[in-house]
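J.: Listed here are the chains, written in short residue letters.
2 protein chains.
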Amino acid sequence: MAWRSALLIDPVASDDPREDFAETFRFFDPDEPALRVGDLSAQRGDGIFESLGVIDGHPQEVGPHLERLAHSAGLCDLPAPHLGQWRSAIARVAAHAGAGENVMKLLLSRGVEGQPIPTAWITLASAPDNTRSRRDGVDVVTLDRGHALDVPARAPWLQLGAKTLSYAVNMAAIREAHRRGADDAVFVSSDGFVLEAPTATVLLRLGDRFVTPEPSAGILHGTTQISVFSYLGRRGVETAYETVPTATLVDADAAWLLSSVRLAAPIAAVDGVAKAIDRALTDELNAYLLSPRD
Amino acid sequence: MAWRSALLIDPVASDDPREDFAETFRFFDPDEPALRVGDLSAQRGDGIFESLGVIDGHPQEVGPHLERLAHSAGLCDLPAPHLGQWRSAIARVAAHAGAGENVMKLLLSRGVEGQPIPTAWITLASAPDNTRSRRDGVDVVTLDRGHALDVPARAPWLQLGAKTLSYAVNMAAIREAHRRGADDAVFVSSDGFVLEAPTATVLLRLGDRFVTPEPSAGILHGTTQISVFSYLGRRGVETAYETVPTATLVDADAAWLLSSVRLAAPIAAVDGVAKAIDRALTDELNAYLLSPRD
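Protein chains in written order, with the numbering used here: chain S, 15 to 308; chain F, 15 to 308.
Hints in this document: simulated from the structure, not taken from any laboratory.
Only a predicted model underlies this, so the values are computations on that prediction, with no experimental measurement involved.
Mixed in with the good hints, there may be bad ones.
Unchecked claim - Heads up, simulated SDA-like pairs for lysine to any residue below, C-alpha to C-alpha not over 20 Å straight-line:
| # | chain 1 | residue 1 | chain 2 | residue 2 |
| --- | --- | --- | --- | --- |
| 1 | F | K289 | F | A268 |
| 2 | S | K119 | S | S19 |
| 3 | S | K119 | S | A16 |
| 4 | S | K119 | S | P306 |
| 5 | S | K119 | S | S102 |
| 6 | S | K119 | F | A268 |
| 7 | F | K289 | F | D267 |
| 8 | F | K289 | F | D222 |
| 9 | S | K119 | S | I69 |
| 10 | S | K119 | S | Y245 |
| 11 | F | K119 | S | Q129 |
| 12 | F | K289 | F | V264 |
| 13 | S | K119 | F | G286 |
| 14 | F | K289 | F | G195 |
| 15 | F | K119 | S | G128 |
| 16 | S | K289 | S | R146 |
| 17 | F | K119 | S | E127 |
| 18 | S | K119 | F | D24 |
As the list claims (entries may be wrong) - From chain S, some residues computed to sit far from chain F (all C-beta separations above 10 Å):
| # | residue |
| --- | --- |
| 19 | G71 |
| 20 | E75 |
| 21 | A105 |
| 22 | D158 |
| 23 | H161 |
| 24 | E190 |
| 25 | D222 |
| 26 | I240 |
| 27 | E256 |
| 28 | V284 |
| 29 | G286 |
Virtual Cβ for every residue (Gly too), placed ideally from N, Cα, C.
Kindly generate the complete structure, drawing on both the sequences and the hints.
T.: In C-alpha cells, the structure reads:
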C-alpha cells in the first residue's frame with residue numbers, strides 16, 4: 015500500500031449554502047502526524063467511515079457511499095455531513111489517483127474530546143492486488159456474531175448497522191479465519207442466519223435467482239451489492255433480499271463476497287467444504303465493477 | 015478537562031533486558047498532531063487501553079492495570095507489552111500530575127497499517143469533578159448487550175473481554191441512558207444477567223454479602239472492584255463473584271458502579287425505580303479508594 019494523497023476537511027454544517035469549499039480543505043502528508051491524541055477516533059473508535067474504489071481516477075459510487083455515510087452519522091448521533099462539501103473533497107483527492115486501482119477512505123470522527131467539532135479526513139492509497147481473490151476465490155469460515163437476528167433492531171445502541179471506526183471485531187474475525195486456514199469470515203447470527211462478511215456483503219446464486227441477506231439494523235447495505243443487483247436486474251435476472259439460513263450458504267449454487275475494493279470475490283469453500291466457482295459470471299461482474307460507476 | 019502531560023512510547027520487546035528506557039520516551043504537546051492517519055487506532059479502533067486514577071501524584075493500582083493491559087494484548091493478538099517499560103513511563107508522566115485527581119490513559123494500538131510496530135502513548139489530564147456522583151449517586155438504565163451470557167467464551171473474536179479502543183458502543187449506551195433521563199447504563203445479557211456498565215463494574219450488597227457479576231470472557235475484571243473486595247475482605251466482610259440475574263440488581267439492598275476515576279458511585283435508581291443509598295459505606299469506600307493504592 016502506498017499513499018497517494020490525504021486531505022483534512024473542516025466540516026461545515028449540512029445546510030451551509032456556499033458553493034466553493036476550497037478554504038475548508040487542507041492537503042497534508044499522511045506520513046506525518048495529523049491527528050491529536052485527544053481525537054475520539056483514536057481514543058475510542060468513535061466515528062464512521064466509508065471505503066471507495068477509485069479506478070483510473072474515477073471514484074466509484076460516490077452517491078451511495080455518501081448516503082451511507084450520512085445514514086451512519088444519524089445512527090451515531092454525529093452531525094449530518096454536508097454532502098456537497100464531501101463531493102467536492104472527493105473530487106479533489108481523486109485527481110491525485112492516476113491510473114489503476116486505488117482505495118479512498120472517508121473518515122468522520124466525533125472530534126477531539128471536549129470539543130464540539132467533528133474531525134474529517136480523506137485518504138487515498140494504492141489498492142492491494144486482488145487479481146487472485148477475484149479469479150480463484152476466497153475460502154471462508156462462518157463465525158458467530160454473537161447476537162440473534164432480531165437484536166440489532168431492538169438494541170440500536172449496539173450500532174450494528176453503522177459503519178463505525180470501532181472495527182476491531184471485524185479485524186479479529188479475519189485473523190481467526192486465517193488461524194483456521196481460510197481467507198475470510200462470514201458472520202452468522204447466533205440463531206443461524208447469514209449476516210455479512212467483516213468487510214463485504216454476501217451474494218448467493220440459488221438456481222436462477224440472486225439473493226443477499228436482507229439489510230437491517232445488523233447488516234450493512236452494501237454499495238457494491240446494490241450496484242450488482244442493478245446490473246443483474248438490467249439483464250432480466252431475478253434478485254432478492256431474503257432472510258438466509260446458514261445452511262443456504264453451504265448449499266448455494268455459487269456465492270460471492272462483494273466489496274468496494276476487492277469487488278466480486280467468489281467463495282471457493284465454506285468451513286472447508288469446496289464450492290464451485292462460476293468464473294464466467296465472476297469475470298463479467300468484475301468487468302462491470304471495474305467500469306466507471308456513479 | 016485540561017491536559018497535564020503526554021508521552022509517546024517506542025515499545026520494546028517484552029523480554030528486552032535494559033533497565034533504563036529513557037531513550038524510548040518522548041514527551042509531546044497533546045494539543046498538537048501526534049498520530050498519523052494510518053494509525054489503526056484511528057482507522058479501526060484497533061488497539062487497547064487502560065484508565066488509571068492519579069491522586070496527588072500517585073498513580074493508583076499500576077500493577078493490576080498493567081496486568082489487564084497485558085491480558086487485553088493477548089486477547090487481541092498484540093505484542094506483549096514490556097511491563098517494566100510501561101512502569102517507567104507511568105512514573106515519568108505521573109510526575110507531572112501535581113495535587114488533586116487526574117486521569118491517566120495508557121494506549122497501545124496495532125500501529126500504522128502495513129507496519130509491524132505498535133504505537134503506544136500515555137496521556138494525563140485533570141479528572142472531571144465526580145463529587146456529586148459519589149455523594150448523590152447515579153441513575154442507571156439497563157440496556158441489552160445483545161448476546162447471551164455464554165457467547166463471549168465461545169466467540170473470542172468478539173473480543174468482549176478485552177478493553178479495546180473499539181469503544182463506540184459503550185459511548186452510544188451512555189448517550190442512550192441520557193436520552194432516557196438517566197446518568198449511566200448497565201449492560202445486561204440477552205438472557206437476563208447483569209454484565210457491567212459501559213465504563214464501570216457493578217457491585218451489589220445482598221444482605222451482609224457483597225457480590226459482583228463473575229468476570230468472564232464478556233465481563234472485564236474491574237481493578238477498582240478488586241481493590242474494594244480486598245478492602246472489604248480485610249474487614250471480615252463476605253465478598254463473592256456470582257452469576258447475577260437482572261432482577262437482583264433491582265432488588266439488591268444497595269448497589270454501586272466502581273471505576274478507576276469516578277470510584278464508587280452509588281446507584282440511586284434502576285430503570286426509574288429508586289434505590290436507597292448507603293452513604294456512610296459509600297463515603298468510607300471512596301475515602302479508601304482516594305488513598306494511595308498499589
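J.: Now, for every hint given, state plainly whether the structure supports it.
T.: Status of the hints after comparison with the structure:
1. K289/F / A268/F: Distance ~7 Å between K289/F and A268/F Cα, so the pair holds.
2. K119/S / S19/S: This hinted pair holds, its Cα atoms lying about 11 Å apart.
3. K119/S / A16/S: holds (14 Å)
4. K119/S / P306/S: holds (18 Å)
5. K119/S / S102/S: holds (14 Å)
6. K119/S / A268/F: violated (48 Å)
7. K289/F / D267/F: holds (8 Å)
8. K289/F / D222/F: holds (17 Å)
9. K119/S / I69/S: Status holds; Cα separation ~14 Å.
10. K119/S / Y245/S: violated (25 Å)
11. K119/F / Q129/S: Given that 20 Å is the threshold and the Cα spacing comes to 19 Å, the pair holds.
12. K289/F / V264/F: holds (8 Å)
13. K119/S / G286/F: Violated, at about 43 Å.
14. K289/F / G195/F: holds (16 Å)
15. K119/F / G128/S: With a Cα-Cα distance of about 16 Å, the restraint between K119/F and G128/S holds, given a limit of 20 Å.
16. K289/S / R146/S: Answer holds: K289/S to R146/S is near 16 Å, not above 20 Å.
17. K119/F / E127/S: Roughly 13 Å separates the two Cα atoms, so the pair holds.
18. K119/S / D24/F: Judged against 20 Å, a Cα distance of about 27 Å means the pair is violated.
19. G71: holds (22 Å)
20. E75: holds (21 Å)
21. A105: Check passes; 20 Å lies beyond 10 Å.
22. D158: Since the minimum Cβ distance to chain F is about 5 Å, D158/S lies within 10 Å and the statement is violated.
23. H161: violated (4 Å)
24. E190: violated (4 Å)
25. D222: holds (35 Å)
26. I240: Holds, because the least Cβ-Cβ distance between I240/S and chain F comes to about 24 Å, which exceeds 10 Å.
27. E256: holds (23 Å)
28. V284: holds (17 Å)
29. G286: G286/S clear of chain F: closest Cβ-Cβ about 18 Å, beyond 10 Å.
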